[in-house]
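The task is simple: from the sequences and hints, build the whole structure.
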Amino acid sequence: MTDTLDRAHTTSELTPDPVDWSKVQRWGAYAGLTLAFIAATGMTLTFHQRMIIAPWLTMGAVSMAWVPVVYGYIAASRPTPDGEDHYQPAERELIAGGVTGLLSGLFVSLFIVIIDQFDLTEVFSKTGQPLVDLLTFGKPLGVACLLWVMGLGLLGLFGGALHIFSKTIRRVLSWAALGVLGVAMLELVITNLLDGLSLDWLVDWIYAINGGVTSIAAIVIGVAFGTIGYFRGDTTLHERRLERMALDPSVLRQKNRWAIAMVIIAVIVVPMFAGNLTNELLSNVGLFVLMGLGLNIVVGYAGMLDLGYVAFFAVGAYTTAILTSANSPYWSPELTLNFLKPEGWIILGVVIIVAAIAGIFVGTPVIRMRGDYLAIVTLGFGEMVRILFLSDWLAPYFGGAQGIRPVPSAEIGPVVIEGTNSQSIFYLVAFFCAIAIYVAWRLEKSRTGRAWTALREDEDVAEAMGINTTASKLTAFVAGAILASFAGMIFAVKVGSVFPNSFKLLVSIVVLVVVIVGGMGSIPGVIIGAVVLIGVLGGPTQPGLLQEFGEYKLLIYGVILVVMMLKRPEGLWPSLRRQHELRHDEMSQDAWLTGESELTGDVPEDEAGGTVLTDDVAVVEDDEL
Amino acid sequence: MSDRKPVLEFRGINVHYGPVHVLKDMDIAIYPGELVCLLGGNASGKTTTLKAILGMVQPSSGDVLIDGEIVTDDTTAEIVTRGVTMVPENRRLFKRMTVKENLEIGAYLRTDRENLDAEMEHIFEMFPRVKERLSQKAGTLSGGEQQMVAVGRALMAKPKVLLMDEPSMGLAPVLVQQNFDIIERINNEGVTVFMVEQNANMALSIADRGYVLLTGRIVLDDTAQNLLNNEDLRKAYLGEAE
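Keeping their order, the protein sequence lines are chains A and B. Counting in this note's numbering, the first sequence runs from 1 upward without gaps. Counting in this note's numbering, the second sequence runs from 626 upward without gaps.
There's no promise every hint is true.
As a list, the in silico DSBU-like pairs of lysine-lysine whose alpha-carbon atoms are at most 35 angstroms apart [what the hints assert, rightly or not]:
| id | chain 1 | residue 1 | chain 2 | residue 2 |
| --- | --- | --- | --- | --- |
| 1 | B | LYS725 | A | LYS255 |
| 2 | A | LYS567 | B | LYS725 |
| 3 | A | LYS255 | B | LYS720 |
| 4 | A | LYS567 | A | LYS504 |
| 5 | B | LYS783 | A | LYS139 |
| 6 | A | LYS255 | A | LYS139 |
| 7 | A | LYS139 | A | LYS553 |
| 8 | B | LYS725 | B | LYS785 |
| 9 | A | LYS567 | B | LYS649 |
| 10 | B | LYS649 | B | LYS783 |
| 11 | B | LYS649 | A | LYS445 |
| 12 | B | LYS783 | A | LYS445 |
| 13 | A | LYS255 | B | LYS756 |
| 14 | B | LYS785 | A | LYS445 |
| 15 | B | LYS725 | A | LYS445 |
Quick partial rundown of chain A residues pointing at chain B, CB under 10 angstroms, derived from the structure [as the list claims (entries may be wrong)]:
| id | residue |
| --- | --- |
| 16 | ALA40 |
| 17 | GLY42 |
| 18 | GLY138 |
| 19 | PRO140 |
| 20 | ARG447 |
| 21 | ARG450 |
| 22 | ALA451 |
| 23 | ASP458 |
| 24 | GLU463 |
| 25 | MET465 |
| 26 | ILE467 |
| 27 | ASN468 |
| 28 | THR469 |
| 29 | THR475 |
| 30 | GLU548 |
Label pairs and their in silico Cβ distance ranges [stated by the list, open to error]:
| id | chain 1 | residue 1 | chain 2 | residue 2 | range |
| --- | --- | --- | --- | --- | --- |
| 31 | B | ASP692 | A | VAL563 | 54 to 60 angstroms |
| 32 | A | VAL263 | B | THR736 | 34 to 40 angstroms |
| 33 | B | ASP806 | A | VAL263 | 51 to 57 angstroms |
Honestly, the hints are just simulated from the structure, not real lab data. Here the structure is a predicted model, which means the values were calculated and not measured. Positions of the beta carbon are idealized from the N, C-alpha and C atoms, including for glycine.
As structure tokens, then:
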């Protein structure tokens with residue numbers, strides 16, 4: 001078997017395969033449909049308002065241009081023989097990429113003709129005259145279509161041509177492109193930060209007056225990032241992590257300590273210089289880190305898919321509001337959330353107790369369920385809590401749709417923490433995140449943490465080993481609930497009010513997506529997931545860094561989720577255990593398929609010499625058993 | 626034998642799964658140091674019997690006794706603490722945890738943490754291969770090695786009674802023999818073994834006594850030697866035509 005594989009490799013190296021036309025057709029069609037989709041949903045039109053490189057490249061153009069390049073690259077790719085990182089001769093790649101681009105151009109032309117001739121605005125509200133004008137560049141229809149076909153063909157050709165370049169060149173190019181794009185997209189935050197550091201002249205130099213990077217700055221940034229890319233070397237993030245793992249434990253601990261110290265200093269120092277906008281973003285990220293860490297205990301550690309997590313967030317927020325607000329309809333002790341006074345501690349204690357009770361309350365009935373059923377029931381509970389807070393029946397206690405407001409500021413001694421001062425909110429969030437990180441980290445390493453892992457692996461056997469499955473699951477639910485209630489408490493103070501509609505199902509889903517995208521069971525993963533999704537794209541109601549994305553946030557969430565599940569199911573920064581779990585499953589499958597079943601052992605023969613086929617074949621070793 | 630107190634006992638156990646009557650008036654007594662097997666075909670209630678012992682299934686009537694004390698309403702954790710552990714059918718290791726983690730889960734309920742290393746050493750003595758595989762994921766082991774870890778995991782709780790659910794299931798014939806050697810050896814070290822098996826011939830060859838279960842009812846109860854010579858049993862279970 002290996003022999004035939006080897007021969008196949010050799011032949012492919014000698015004579016280049018002809019173009020794989022079905023693949024080209026397929027990816028050409030994908031590209032065309034993607035482009036039509038992007039245009040039809042109105043992204044092109046909306047993003048066209050935003051400059052990337054002033055004055056000639058807008059984000060609208062970028063939203064279209066990447067498609068033929070990337071899809072052309074994919075259509076032209078083929079399995080690489082070992083040790084070869086680019087193909088020679090390259091006609092095949094150029095043809096494949098170019099034709100993919102041309103095909104997508106034809107699709108786009110067809111799309112333009114359709115939206116020009118027919119009125120589709122009933123279905124796709126954004127396909128009106130402005131979009132036609134934009135896509136035809138104000139030229140006659142025929143000319144515009146020709147331009148699209150040629151333009152996309154060229155971009156596809158470029159995509160295919162990327163295969164000709166060596167890995168190093170590809171890396172330099174992608175670093176330069178992503179660098180310029182990144183600096184342009186992060187305009188708001190970078191401006192905000194540089195202003196805080198009184199580097200106004202740098203802002204004026206990098207960014208044009210109407211937004212976007214200036215052409216000269218784009219070249220400089222591109223060169224700078226390209227240089228970084230050139231010197232960065234070939235290793236992937238995963239390889240580097242494995243290298244780190246191989247280090248001496250004491251060296252590793254030293255390095256980790258430095259890294260953690262740097263992060264702590266950054267968290268303390270950066271908000272001092274950042275403006276309100278950046279701090280607002282950071283606080284939102286922090287809130288979702290807090291919730292993500294909590295949900296990570298339930299989903300990542302204990303393996304229970306909880307879709308009603310927002311309930312605990314709501315409980316925390318409402319408890320805080322009732323205890324502190326002067327306008328709480330039924331009972332208002334009007335305590336002050338001052339963390340240096342007994343009153344503050346009472347509030348914190350009550351929030352924890354109420355969250356724990358809520359955790360047990362929701363947890364107990366669902367504990368006997370597994371998998372899908374658990375998800376469905378928790379989903380129901382999450383909605384129930386919101387609807388109860390919304391109901392007229394409980395309105396005398398919780399204010400119904402009016403909610404409770406105002407929720408007064410929190411205090412730490414003389415320092416006031418209020419929503420309008422996002423810097424103070426951020427420090428509060430960061431403090432609770434630090435607690436949450438510590439708790440999650442200790443739990444993971446604890447005896448309970450190990451029980452959770454066993455539970456996730458095989459619940460029946462875990463029970464037979466004497467693990468109290470009910471108690472373990474409830475512990476996970478309660479720990480998750482308490483962390484979410486902290487987030488709710490801060491949220492109430494930050495927004496200054498609580499309404500039932502702040503606690504929709506979408507919050508549960510977004511927190512879950514943060515955990516999944518970051519990497520289930522991984523603390524740094526949750527933080528990175530929150531930064532990427534909440535910070536950049538925005539939360540359910542919170543605007544993110546790319547405010548233009550607001551309308552398309554959920555669409556992009558969906559795309560990210562699908563791509564992640566297909567390409568990187570372990571998340572952006574997976575826990576090593578999860579990574580191993582997913583990789584191992586793949587490995588054992590592959591090994592089984594190729595017959596190199598090192599993992600399951602060789603197929604033994606029975607005494608008669610025939611092959612024994614049992615469901616779990618085992619090797620007999622010669623030493624004493 | 627009758628002068629001793631049974632370490633594990635069933636008194637008139639009935640188990641229902643909804644309308645299905647799974648175990649019917651079951652009486653079992655296992656004495657310290659014995660190696661007893663429970664024979665029966667598919668769906669005769671063998672695994673349910675083990676689950677009833679461990680408190681994972683609640684009997685509708687009757688009592689389970691360990692060391693003469695009624696434990697029918699005890700939780701699984703309490704029963705494991707009393708010294709009864711199980712090697713599940715098909716081994717069922719925590720495949721994506723390391724071998725060491727698997728062993729540690731076995732000792733989950735032990736309070737004498739300081740003795741765990743010694744316990745592990747004892748298991749390595751019995752299965753040197755396990756020591757070599759300690760940091761490997763359990764799922765990457767061969768079937769025979771997995772069996773050793775599964776037994777090791779159960780022994781980590783330092784049980785008085787070891788329950789074995791279908792130890793021959795899914796193993797190559799050669800391994801089955803080795804597996805039964807292991808069971809015998811554990812028994813010789815003083816651990817009482819209660820084994821559920823379909824492979825009657827093999828099980829009776831090492832057992833002291835045996836029970837035969839037919840659709841939830843004990844139909845035969847004798848010494849292993851007598852059972853091996855029992856004509857009816859030979860026909861029913863040992864697959865001999867004459």
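Results of checking the hints against the structure:
This hinted pair checks out: B/LYS725 and A/LYS255 have alpha carbons roughly 27 angstroms apart, not beyond 35 angstroms. Between A/LYS567 and B/LYS725 the alpha-carbon distance is near 31 angstroms, which keeps this suggested pair within the 35 angstroms criterion. Proposed proximity of A/LYS255 and B/LYS720 is supported: the alpha carbons are some 32 angstroms apart, at most 35 angstroms. Taking the CA atoms of A/LYS567 and A/LYS504, the gap is about 30 angstroms. The hint holds against a cut of 35 angstroms.
Note on B/LYS783 and A/LYS139: the hinted pairing is violated, with a Cα-Cα distance of about 85 angstroms set against a maximum of 35 angstroms. Taking the CA atoms of A/LYS255 and A/LYS139, the gap is about 60 angstroms. The hint is violated against a cut of 35 angstroms. The straight-line distance between the Cα atoms of A/LYS139 and A/LYS553 is roughly 32 angstroms, inside the 35 angstroms bound, and the hint therefore holds. Between B/LYS725 and B/LYS785 the alpha-carbon distance is near 22 angstroms, which keeps this suggested pair within the 35 angstroms criterion.
Proposed proximity of A/LYS567 and B/LYS649 is contradicted: the alpha carbons are some 53 angstroms apart, above 35 angstroms. This hinted pair checks out: B/LYS649 and B/LYS783 have alpha carbons roughly 31 angstroms apart, not beyond 35 angstroms. Among the hinted pairs, B/LYS649 with A/LYS445 is inconsistent with the structure: their alpha-carbon atoms are about 45 angstroms apart, more than 35 angstroms. Between B/LYS783 and A/LYS445 the alpha-carbon distance is near 24 angstroms, which keeps this suggested pair within the 35 angstroms criterion.
With a CA separation close to 31 angstroms, the supplied pair A/LYS255 and B/LYS756 stays within the 35 angstroms bound. Among the hinted pairs, B/LYS785 with A/LYS445 is consistent with the structure: their alpha-carbon atoms are about 30 angstroms apart, no more than 35 angstroms. For the given pair, B/LYS725 sits about 15 angstroms from A/LYS445 by alpha-carbon distance, which is consistent with the 35 angstroms threshold. Taking 10 angstroms as the C-beta contact cut-off toward chain B, the hint placing A/ALA40 at the interface is violated, the least distance being around 44 angstroms.
Hint status for A/GLY42: violated, given a least beta-carbon distance of 45 angstroms to chain B, over 10 angstroms. Given the 10 angstroms rule on beta carbons, the hint for A/GLY138 is violated: about 60 angstroms separates it from the nearest Cβ of chain B. The beta carbon of A/PRO140 comes no nearer than 62 angstroms to any beta carbon in chain B, farther than 10 angstroms, and the hint placing it at the interface is violated. For A/ARG447, the suggested interface contact is upheld, since its CB lies about 7 angstroms from the closest CB of chain B, less than 10 angstroms.
With its C-beta approaching chain B no nearer than about 7 angstroms, A/ARG450 sits inside the 10 angstroms limit, and its interface hint holds. Of the supplied interface hints, the one on A/ALA451 holds, with its beta-carbon coming within about 7 angstroms of a beta-carbon of chain B, less than 10 angstroms. With a least beta-carbon distance of about 6 angstroms to chain B, the hint placing A/ASP458 at the interface is held under the 10 angstroms criterion. For A/GLU463, the interface hint holds, since its Cβ comes within 10 angstroms of a Cβ in chain B; the closest pair sits about 6 angstroms apart.
Because the closest C-beta pair between A/MET465 and chain B is about 5 angstroms apart, less than 10 angstroms, the hint holds. The beta carbon of A/ILE467 is positioned within 10 angstroms of a beta carbon in chain B (closest approach about 6 angstroms), and the interface hint is therefore held. Look at A/ASN468: its Cβ gets to within about 5 angstroms of chain B, closer than 10 angstroms, so that hint holds up. Because the closest C-beta pair between A/THR469 and chain B is about 9 angstroms apart, less than 10 angstroms, the hint holds.
With a least beta-carbon distance of about 14 angstroms to chain B, the hint placing A/THR475 at the interface is violated under the 10 angstroms criterion. Taking 10 angstroms as the C-beta cut-off, the interface hint given for A/GLU548 is violated, the closest approach to chain B being about 42 angstroms. Take B/ASP692 and A/VAL563: their Cβ atoms lie about 59 angstroms apart, and the range 54 to 60 angstroms holds. For the pair A/VAL263 and B/THR736, the supplied restraint of 34 to 40 angstroms holds, since their beta-carbon distance comes to about 39 angstroms.
Between B/ASP806 and A/VAL263 the beta carbons are some 56 angstroms apart, a value that agrees with the proposed interval 51 to 57 angstroms.
In this structure, the hints that do not hold are numbers 5, 6, 9, 11, 16, 17, 18, 19, 29, 30, in rising order.
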